[in-house]
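Peer 1: One letter stands for each residue in the lines below.
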Amino acid sequence: MKDLIFLFSTTLMYSTPLIFTALGGVLSEKTGIINIGLEGMMTMGAFIASLAALKSGNPWIGLIAGGIGGLTLAILHALASIKYKANQVVSGMAINFLGSGIAIFMCRLFFEGTSMTPPLELDKKIPAFFGQYATVYLAFFLTALVWFVLTKTVLGLRMVSAGEHPKSTDAAGLNVSIYRSIGVLASGFLAGLGGASLSIAIVSNFRPTLISGQGFIAIAALIFGKWRPVQTALACLFFGLSQALVIFLGGRENIQISSQLLSILPYVLTIIVLVGFMGKTTAPSALGE
Amino acid sequence: MKKFLLSLMCVISGLLFGALILKLSGIPAFEAYNIMWNGAFSKPNYIAYIIIRSTPLILTGLSVAFAFRTGLFNIGSEGQFIMGALTAAYFGFIFHFNPWIQIPLVLGISVMVSSLYGGLAGFMKARFGVHEVISTIMLNWIALYFSNYMVMLEGFHKANTETSEFIQPSTSITFLENWKNSDAGTEWFSHHEFLSEFFRPPVNAGIFIAIIAVLFVWIILTKTSFGFKLKAVGQSLEAARYAGINVNKKMTQSMMIAGGLSGLAGATHVMGVSKNVAILAAHEGYGFDGIAVSLIGSNSPFGAAIAGFFLGALKYSGQKIQSALEAPSEVISIMIGAIIFFIAIPIVFEKLINNFHKLWEKK
Amino acid sequence: MLSLELRNISKTFGSFKANDSINLKVNSGEVHAILGENGAGKSTLMKIIFGLYQPDAGGEIYLNNELVKIRSPRFAIRKGIGMVHQHFMLVRPFTILQNIILGIEPRSPFGMIDYKKARAEVLKISENYNFNIDPDLKIENISVGMQQRVEILKTLYRNAELIILDEPTAVLTPQEVIDFYRIVRNLKQDGKTIIIITHKLHEIKEIADRCTIIRKGQYIETVDVRSTSEEELAAKMVGRKVDLKIKKTIAIPGDVVFKIENLNALNDKQLPSVKNFNLSLKRGEILGLAGIDGNGQSELVEALTGLRKIKSGSVKINEKEIAQLTPKEIYESKLAMIPEDRQRRGLVMDFKVKENFVLQNISKNPFSHYGFIINRELVKFSETLMDRFDIRPRNIELAARNLSGGNQQKIILAREIANNPDVLIAFQPTRGLDVGAIEYVHNELVKLRDQGKAILLISYELDEVINLSDRIAVIVDGSVSANIDYETITTHKNIKEHIGLFMAGGTSS
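Protein sequence lines, in the order shown, are assigned to chains W, H and A.
With the numbering used here, letter number 244 in the first sequence gets 244, and the count goes up by one each step, no holes.
With the numbering used here, letter number 354 in the second sequence gets 354, and the count goes up by one each step, no holes.
With the numbering used here, letter number 223 in the third sequence gets 223, and the count goes up by one each step, no holes.
Hint data in this document are derived by calculation from the structure and do not stem from the laboratory.
A virtual CB, placed ideally from N, CA and C, is assigned to each residue, including glycine.
Treat the hints with care, as some may be off.
[Stated by the list, open to error] Below, computed lysine-lysine pairings styled on BS3-like, alpha-carbon distance capped at 30 Å: (1) Lys351(H) with Lys47(A); (2) Lys83(W) with Lys3(H); (3) Lys223(H) with Lys269(A); (4) Lys138(A) with Lys152(W); (5) Lys117(A) with Lys152(W); (6) Lys188(A) with Lys249(H); (7) Lys152(W) with Lys124(A); (8) Lys116(A) with Lys47(A); (9) Lys358(H) with Lys352(A); (10) Lys17(A) with Lys85(W); (11) Lys116(A) with Lys249(H); (12) Lys320(A) with Lys249(H); (13) Lys167(W) with Lys124(A); (14) Lys351(H) with Lys352(A); (15) Lys249(H) with Lys79(A); (16) Lys83(W) with Lys358(H); (17) Lys2(H) with Lys352(A); (18) Lys188(A) with Lys167(W); (19) Lys226(W) with Lys249(H); (20) Lys269(A) with Lys216(A); (21) Lys79(A) with Lys25(A); (22) Lys249(H) with Lys47(A); (23) Lys83(W) with Lys275(A); (24) Lys167(W) with Lys116(A); (25) Lys223(H) with Lys311(A); (26) Lys117(A) with Lys223(H); (27) Lys316(A) with Lys269(A); (28) Lys83(W) with Lys17(A); (29) Lys352(A) with Lys3(H); (30) Lys79(A) with Lys167(W); (31) Lys167(W) with Lys25(A); (32) Lys85(W) with Lys309(A).
[As the list claims (entries may be wrong)] Partial pick of chain H residues on the chain W-facing surface, computed with a CB cut under 10 Å: (33) Phe73; (34) Trp100; (35) Ile103; (36) Ile109; (37) Met112; (38) Leu144; (39) Val273; (40) Asn276.
Using the sequences and the accompanying hints, generate a full structural model.
Peer 2: Structural data, given as structure tokens:
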């Protein structure tokens with residue numbers, strides 16, 4: 001029972017950054033813009049959050065600042081892919097270089113040449129309620145919010161139509177660029193929150209290897225979740241579970257499973273599921289155009 | 001020509017952006033660039049280091065460029081590199097042939113393994129419609145963790161380290177590796193200052209392999225019917241299909257060649273420089289840099305060679321501003337990011353070029 | 001009530017003048033047709049009216065005699081202009097209701113959409129005009145005719161007084177066309193002004209009051225439809241007297257060379273789409289396959305050429321079974337094809353002309369040896385074809401993209417004929433070409449026929465099928481529903497209506 005609770009709470013903890021980021025990915029891709037730069041936006045968010053939390057002593061300011069950090073990069077991505085019709089994957093790759101570059105560069109400037117921020121004191125981190133960081137609850141709240149916006153509201157209808165058939169959206173007298181920008185910028189903010197939920201909640205500092213691929217897992221999760229917010233969050237929980245299992249099983253003497261092999265699991269499963277989809281595309285029709 | 005100009009403008013803009021970042025951070029930008037320039041070309045051993053640095057970048061750049069020409073985005077270069085490196089380290093350690101057999105054999109197996117690994121992404125795209133960007137991202141992480149797993153494997157793992165055993169000396173492609181530290185070597189080098197400095201770093205045959213690979217890719221793409229079909233697939237999948245070209249096969253083949261090239265990068269890196277593989281906490285970035293190389297070189301083989309060398313120089317010399325000016329060397333990543341970003345928005349620069357063109361013609 | 005007047009409208013793209021000082025006057029409450037060939041500049045003009053393009057300086061637009069500047073579709077909509085595009089502007093995974101309200105959604109608190117109110121309004125308009133739609137169906141599940149009604153409803157929901165319809169009948173079945181005419185008449189009765197862009201003469205005769213003819217971007221004249229004959233309209237459109245008939249002698253068919261038996265194939269949704277299809281072609285004849293778009297023609301062509309898996313059945317060329325062969329093997333069995341979409345499927349647009357000539361044969365002698373391309377041979381071969389087919393500009397190093405539609409089609413034609421096929425499948429071979437190029441392609445097909453090739457002409461243009469074919473088969477829902485022989489084609493008084501009836505699903509009794 002104790003093991004189960006441990007596993008459950010670790011899963012929740014590790015899913016959180018993925019949920020934030022993947023929801024961001026959903027918002028961007030639903031409007032038709034591929035965002036492969038989530039990784040860079042997360043990195044940026046993680047650093048800025050850590051910096052702001054350290055300087056202000058307030059984790060909430062840190063969290064918001066983290067979101068803004070991701071948002072800043074998203075502005076670039078929006079500019080390139082919406083205004084200048086860039087190849088969105090290429091622009092996203094550029095964002096990844098920029099994100100980690102700028103974050104570590106700034107880290108060295110602010111913290112005497114080191115690539116790690118000093119640890120936050122425990123009481124300066126995001127507080128926990130009932131054994132879970134507040135960000136965990138926020139992630140679930142945002143899942144519901146994104147679902148609500150996309151399926152129930154005027155804004156959502158317009159965003160989705162921009163991603164499905166921009167010409168129709170245009171012909172309906174709507175400005176496609178605006179709705180796409182909203183999607184991309186929201187994705188940057190959410191990826192920033194995702195990074196922040198790592199650097200000022202799960203751990204207490206920023207370091208170069210902190211994100212190491214979680215932005216990409218978030219992309220896998222949103223494909224897994226067929227671009228739907230709730231399913232995407234579930235996919236994140238699944239990836240979180242596999243991370244939790246690595247820790248859970250890694251800490252035991254009697255179970256002989258290599259943690260490295262276990263780490264492969266989510267990626268292999270993603271590929272298997274992708275192969276299983278076979279022909280059934282549920283991606284927004286105008287994705288990447 | 002126009003493409004070259006475009007790349008050049010993006011590179012220059014990227015460098016200017018880097019200068020701006022340094023300036024804003026209170027670091028003298030001109031001095032930094034001066035240090036980088038001297039740190040890159042003022043001494044023979046610097047140039048040697050740049051060549052060593054460039055080798056894997058040229059190869060991964062070539063890999064990405066090749067797949068691009070078939071319309072595929074090989075983000076998986078990173079993982080293919082790891083597979084090539086791992087295979088070279090493993091078989092370079094367990095085989096004990098003489099170098100004339102050992103080296104080609106180990107290289108061959110590494111290329112084969114990585115080309116299968118790359119081909120897997122192509123196959124999944126062709127057969128199941130799995131987008132290669134997604135599958136190769138997954139394959140990158142699978143390769144990383146698999147490599148970590150192998151490094152820790154009994155018999156391959158070097159005790160009390162985070163690395164594997166070293167490859168056999170017969171697997172090494174480093175030039176004059178033993179001789180330069182032998183009495184005779186030291187004696188000879190003491191009379192040849194330039195060469196002595198040049199050969200101090202692990203200069204190796206990798207660069208020649210890379211140059212051969214550049215020629216190989218160029219010939220395939222421009223001179224052969226195979227390359228013709230690959231390009232047809234890349235330009236218009238539907239038209240190629242209607243012309244009876246087996247599009248699925250071509251995609252797989254293209255990714256296999258791309259994978260092989262990235263694997264070659266990994267293998268030459270292990271056999272010429274690192275001599276083993278280590279536990280990786282995150283990706284080293286050879287493959288991702290390859291994407292930059294390919295983009296800067298506008299997806300052409302010779303472009304990749306030049307861009308690879310440029311990026312190698314940038315990355316090597318970038319380290320030097322850290323010690324000299326306490327300027328974070330990550331400014332290099334920022335510059336690369338900026339260059340790619342500019343390349344992603346060609347419209348802006350094309351307009352600029354066209355305007356210049358008009359001005360020119362008016363004169 | 002809304003009238004429209006255009007004065008001196010020009011639109012230049014680079015060095016190309018799509019519209020050249022066009023004047024147009026549309027009275028309120030009339031049905032006004034805009035007639036012109038492909039590429040005459042009709043669509044550009046309509047896009048200017050709808051605010052999608054801005055006219056060059058000097059152009060003026062008047063709505064109800066008031067000078068306006070239509071900056072955007074949004075502005076056009078606010079001014080009471082509605083547009084139904086040729087390619088419907090509908091979001092496929094959305095419901096009819098969602099599509100109609102998109103952009104002017106009634107709201108309830110928290111930015112939510114008030115679907116209840118929206119549904120009531122839409123149903124009211126639908127009933128007014130007898131549209132008969134269920135607003136909760138998804139677009140991807142409704143017929144093309146219904147989609148068109150949704151498009152019209154969309155404009156009505158936005159209180160449009162002037163509705164522009166771009167090639168409205170191109171994708172409709174004959175039955176749907178009749179429904180469409182009824183709807184247009186209802187709209188007119190209700191005081192709406194209608195502009196119809198078309199190149200179909202009988203359509204104009206059927207519903208338009210007046211007609212403005214545009215040629216090569218220029219205004220030609222506006223005529224009263226009742227007092228102008230179809231022939232006159234055609235001559236004005238093309239700029240010379242056109243013979244709508246193709247000159248050809250009676251076919252002298254030889255042996256059966258191409259035989260399709262009980263062919264079955266699935267579409268992309270894995271549903272049966274070619275169903276027990278039977279057809280046989282003789283040497284020296286043109287067999288026209290008439291049918292409405294979406295009755296399995298694309299799937300049939302793909303199945304015949306090896307691009308789509310054949311579920312069951314047999315396809316034989318010269319007694320040789322080709323049903324399960326690869327596209328390459330089928331091509332080598334002397335089956336050639338002019339694909340439906342030349343820019344997407346026929347050509348690699350960024351390849352040079354000479355490269356497009358050898359798309360299928362690049363690895364063969366003499367174009368390559370041991371896998372290496374022999375450029376000299378490529379050039380020689382290409383020069384010959386350029387001369388023989390008079391392809392312009394005569395530069396084989398140019399990318400195919402830089403040639404006109406007619407010349408692009410010539411490249412394909414030349415390439416396919418050069419392989420000396422026994423059977424040629426021509427799928428929509430004149431789509432989007434101007435009259436001159438259409439004549440060229442038609443004559444070339446007749447020439448091939450006279451050389452003893454079997455030609456399967458698949459076209460959505462019934463006129464083309466009737467004019468060109470020696471025999472006609474009608475495809476409905478994936479199988480042949482009727483066969484019409486040469487005598488009937490040439491002697492039947494109302495051959496178009498006769499075939500149209502089959503196309504709409506009628507059976508031969």
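Peer 1: Next step is simple, just say for each hint if it's right about the structure.
Peer 2: Hints, verified against the model:
no.: 1; hint: Lys351(H) with Lys47(A); in the structure: holds, 26 Å
no.: 2; hint: Lys83(W) with Lys3(H); in the structure: holds, 22 Å
no.: 3; hint: Lys223(H) with Lys269(A); in the structure: violated, 40 Å
no.: 4; hint: Lys138(A) with Lys152(W); in the structure: holds, 17 Å
no.: 5; hint: Lys117(A) with Lys152(W); in the structure: holds, 15 Å
no.: 6; hint: Lys188(A) with Lys249(H); in the structure: violated, 57 Å
no.: 7; hint: Lys152(W) with Lys124(A); in the structure: holds, 23 Å
no.: 8; hint: Lys116(A) with Lys47(A); in the structure: violated, 33 Å
no.: 9; hint: Lys358(H) with Lys352(A); in the structure: holds, 27 Å
no.: 10; hint: Lys17(A) with Lys85(W); in the structure: holds, 26 Å
no.: 11; hint: Lys116(A) with Lys249(H); in the structure: violated, 53 Å
no.: 12; hint: Lys320(A) with Lys249(H); in the structure: holds, 26 Å
no.: 13; hint: Lys167(W) with Lys124(A); in the structure: holds, 27 Å
no.: 14; hint: Lys351(H) with Lys352(A); in the structure: holds, 25 Å
no.: 15; hint: Lys249(H) with Lys79(A); in the structure: violated, 55 Å
no.: 16; hint: Lys83(W) with Lys358(H); in the structure: holds, 24 Å
no.: 17; hint: Lys2(H) with Lys352(A); in the structure: holds, 18 Å
no.: 18; hint: Lys188(A) with Lys167(W); in the structure: holds, 28 Å
no.: 19; hint: Lys226(W) with Lys249(H); in the structure: holds, 28 Å
no.: 20; hint: Lys269(A) with Lys216(A); in the structure: violated, 41 Å
no.: 21; hint: Lys79(A) with Lys25(A); in the structure: holds, 17 Å
no.: 22; hint: Lys249(H) with Lys47(A); in the structure: violated, 43 Å
no.: 23; hint: Lys83(W) with Lys275(A); in the structure: violated, 47 Å
no.: 24; hint: Lys167(W) with Lys116(A); in the structure: holds, 27 Å
no.: 25; hint: Lys223(H) with Lys311(A); in the structure: violated, 39 Å
no.: 26; hint: Lys117(A) with Lys223(H); in the structure: violated, 66 Å
no.: 27; hint: Lys316(A) with Lys269(A); in the structure: holds, 27 Å
no.: 28; hint: Lys83(W) with Lys17(A); in the structure: holds, 27 Å
no.: 29; hint: Lys352(A) with Lys3(H); in the structure: holds, 18 Å
no.: 30; hint: Lys79(A) with Lys167(W); in the structure: holds, 20 Å
no.: 31; hint: Lys167(W) with Lys25(A); in the structure: holds, 28 Å
no.: 32; hint: Lys85(W) with Lys309(A); in the structure: violated, 37 Å
no.: 33; hint: Phe73; in the structure: holds, 6 Å
no.: 34; hint: Trp100; in the structure: violated, 35 Å
no.: 35; hint: Ile103; in the structure: violated, 29 Å
no.: 36; hint: Ile109; in the structure: violated, 22 Å
no.: 37; hint: Met112; in the structure: violated, 21 Å
no.: 38; hint: Leu144; in the structure: holds, 8 Å
no.: 39; hint: Val273; in the structure: violated, 22 Å
no.: 40; hint: Asn276; in the structure: violated, 17 Å
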